[in-house]
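Make a model of the complete structure from these sequences and hints.
In this note's numbering, the protein residues as written are 563 to 672.
Treat the hints as calculated values from the structure; they're not laboratory data.
Honestly, I wouldn't trust all of these hints.
Here are the computed lysine-lysine pairs in the BS3-like style, where the Cα-Cα straight-line distance is at most 25 angstroms [as the list claims (entries may be wrong)]:
| hint | residue 1 | residue 2 |
| --- | --- | --- |
| 1 | 655 | 632 |
| 2 | 590 | 647 |
| 3 | 670 | 647 |
| 4 | 588 | 632 |
| 5 | 575 | 632 |
| 6 | 586 | 613 |
| 7 | 613 | 590 |
| 8 | 575 | 648 |
| 9 | 671 | 647 |
| 10 | 590 | 667 |
| 11 | 575 | 647 |
| 12 | 576 | 647 |
Here are the in silico distance ranges between beta carbons for each label pair [as the list claims (entries may be wrong)]:
| hint | residue 1 | residue 2 | range |
| --- | --- | --- | --- |
| 13 | 656 | 596 | 42 to 50 angstroms |
| 14 | 621 | 653 | 57 to 65 angstroms |
| 15 | 615 | 661 | 43 to 51 angstroms |
| 16 | 622 | 600 | 38 to 46 angstroms |
Keep in mind it's a predicted model, so treat the numbers as computed, not measured.
Every residue, glycine too, gets a C-beta built ideally from N, C-alpha and C.
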Amino acid sequence: MKSLKKGNNMKLKKGDTVAIIKGKDKGKNGKIEKIFPNLAKVLLPEVNLYKRHVKSRVPQKPSEIVTLTKPISWVNVALICPNCKKQTRVGYKIEGKEKIRICKKCSKKI
Numbered sequence: 563m564k565s566l567k568k569g570n571n572m573k574l575k576k577g578d579t580v581a582i583i584k585g586k587d588k589g590k591n592g593k594i595e596k597i598f599p600n601l602a603k604v605l606l607p608e609v610n611l612y613k614r615h616v617k618s619r620v621p622q623k624p625s626e627i628v629t630l631t632k633p634i635s636w637v638n639v640a641l642i643c644p645n646c647k648k649q650t651r652v653g654y655k656i657e658g659k660e661k662i663r664i665c666k667k668c669s670k671k672i
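In C-alpha cells:
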C-alpha cells in the first residue's frame, strides 16, 4: 500500500463518533474502530462494505461471498461532539502541561 506519511495530523481518535460527509455511505454515523495514520484512513464498522468472492481452499468447503469493511479516508468523516451532538472540527487548548481537544462549536472538552 502507498504510504502518505500523514503522521500526527489526524485529530480523530479510536472510539470517536463520526458522521460520513462524502461518498456512498453519506449520512451514516459510527464509532471509529481502528485508525491507520500512515494511510490517513479510519475503519468504521458496517460502513464502506464491499463483497469479495473467496475461492475454496479445501475440497469439502464451498466457495463463498464475504462482506468486508474497508477503511474510509479521514477527510470524508466529521467528528460529532459528545456535548452538543453536532458535526464539528477539532481544536486544541493547552491546560497546564496538557494539550486537550476541544469542540470548535461549543468550546467544550471532547
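Structure-based check of all given hints:
no.	hint	in the structure
1	655 with 632	violated, 33 angstroms
2	590 with 647	holds, 14 angstroms
3	670 with 647	holds, 12 angstroms
4	588 with 632	holds, 15 angstroms
5	575 with 632	holds, 18 angstroms
6	586 with 613	holds, 15 angstroms
7	613 with 590	holds, 19 angstroms
8	575 with 648	holds, 17 angstroms
9	671 with 647	holds, 13 angstroms
10	590 with 667	holds, 21 angstroms
11	575 with 647	holds, 17 angstroms
12	576 with 647	holds, 18 angstroms
13	656 with 596: 42 to 50 angstroms	violated, 28 angstroms
14	621 with 653: 57 to 65 angstroms	holds, 58 angstroms
15	615 with 661: 43 to 51 angstroms	holds, 47 angstroms
16	622 with 600: 38 to 46 angstroms	holds, 40 angstroms
Checked against the numbered hints listed earlier, the structure breaks hints 1, 13; every other hint is satisfied.
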